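Participant: Each chain, letter by letter, is given below.
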Amino acid sequence: MKHFRKELWFNLPTRRGFVNITSELQSCLRESGIQEGLLLCNAMHITASVFINDDEGGLHRDFERWLERLAPEKPYDQYDHNGYEDNADAHLKRTVMGREVVVAVTAGKLDLGPWEQIFYGEFDGKRRKRVLVKIIGE
Amino acid sequence: MKHFRKELWFNLPTRRGFVNITSELQSCLRESGIQEGLLLCNAMHITASVFINDDEGGLHRDFERWLERLAPEKPYDQYDHNGYEDNADAHLKRTVMGREVVVAVTAGKLDLGPWEQIFYGEFDGKRRKRVLVKIIGE
Amino acid sequence: MKHFRKELWFNLPTRRGFVNITSELQSCLRESGIQEGLLLCNAMHITASVFINDDEGGLHRDFERWLERLAPEKPYDQYDHNGYEDNADAHLKRTVMGREVVVAVTAGKLDLGPWEQIFYGEFDGKRRKRVLVKIIGE
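Protein chains in written order, with the working numbering: chain G, 161 to 298; chain Z, 161 to 298; chain A, 161 to 298.
Looking at chain G on its own, in the form it has when it is part of the complex (with noise of 0.2 Å):
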């Protein structure tokens, strides 16, 4: 069995936001060797999240407006959690859209569907956070 493992990083200028990851994660599969197996994808951080969906602008407004209803930032008092920090509403945010991805690995590639595209979901940003990829297989 081989194994793979790496960590990629990240920097958004704003609180939330998403970003587009599919091809970082065809380059670690291809450094890796792997032609078969499962290739993990999670957030290290329980304020982000990494997710599949489609790669639409408007899909992606409709995705803030509606996490903000389902888990609003504001008031901060409304959350227990928010005494020293004020991110709790990112943890819930987090959780609706999942920490983690596992896609198959089948002939040396990325085994998605045609509208399949992989993200890193950010709902605290404005600081330095990481995603962690393993891939096991042969």
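Do not rely on the hints blindly, as some may be mistaken.
A pair holds if it fits inside one copy or across any two, identical chains being indistinguishable in the list.
What the hints assert, rightly or not - The calculated DSBU-like cross-link candidates involving lysine-lysine, where the alpha carbons are at most 30 Å apart (straight line), are:
#: 1; residue 1: K234; residue 2: K166
#: 2; residue 1: K234; residue 2: K269
#: 3; residue 1: K286; residue 2: K166
#: 4; residue 1: K162; residue 2: K286
#: 5; residue 1: K289; residue 2: K234
#: 6; residue 1: K166; residue 2: K289
Keep in mind that the hints were calculated from the coordinates and are not lab data.
The structure presented is a predicted model; accordingly, all values stated were derived computationally and were not measured.
Given the coordinates of chain G, assemble chains Z and A onto it according to the supplied hints.
Facilitator: Chains Z and A in isolation, oriented as in the chain G frame:
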């Protein structure tokens, strides 16, 4: 390490619906000959889901109503994504339900709890769509 | 390829609660002897969750209130599932929190970010329930 890949196709006559795919996945596992490992099953479309829950009609109606409350289909123009398309709600609903499941394979069987059943969740049907099954192990 | 399987049992005295299981999973990993691979941990019940987030009491109270807002326990008769049972809300809450986590195993350790802690999430307790741990790798 052994590996196995198969696509399952669906064409639901309605916009939304749930299909129990547990026995199809058991067939895939038998076909693979894998005894110990992990099975990944994911929607290859971003308006569909693979999830695990109870095979009970009342609960499925509860899911339908609940998802409509969290991310209503109409009015279509509440979503920026809906210009040429009308399926923004399907992207959000699938996010709540999840893209994929990872199931343990033990002694040649899906290692599920007594009530765990695996479903394909359709949120934008009336066309051919597919699910990926990838199994690795030995 | 090596593989390891274990069940962890719980019996919470309350309907809902979170239990930090990170150190139990580290013990499983040591017992397995696996150095590189993937660890799957999933609830074997469809009214419970395994998820990763912060071990902070304020945040856990926020989760409890937030889940009650998204999928209230009462009135019981708002759900079709609740005839002989009263736990429809638990199925919905667990859907938000997720069934499973997949964690990378690197150099014999759970490859977690500094604040990532793994929790069992109970939404219909007061009875014995269990979680599956499956590790594959080498």
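Participant: Hint by hint, where does the structure go against what was stated? Just the numbers, ascending.
Facilitator: Violated hints: 1, 2 and 4; rest satisfied.
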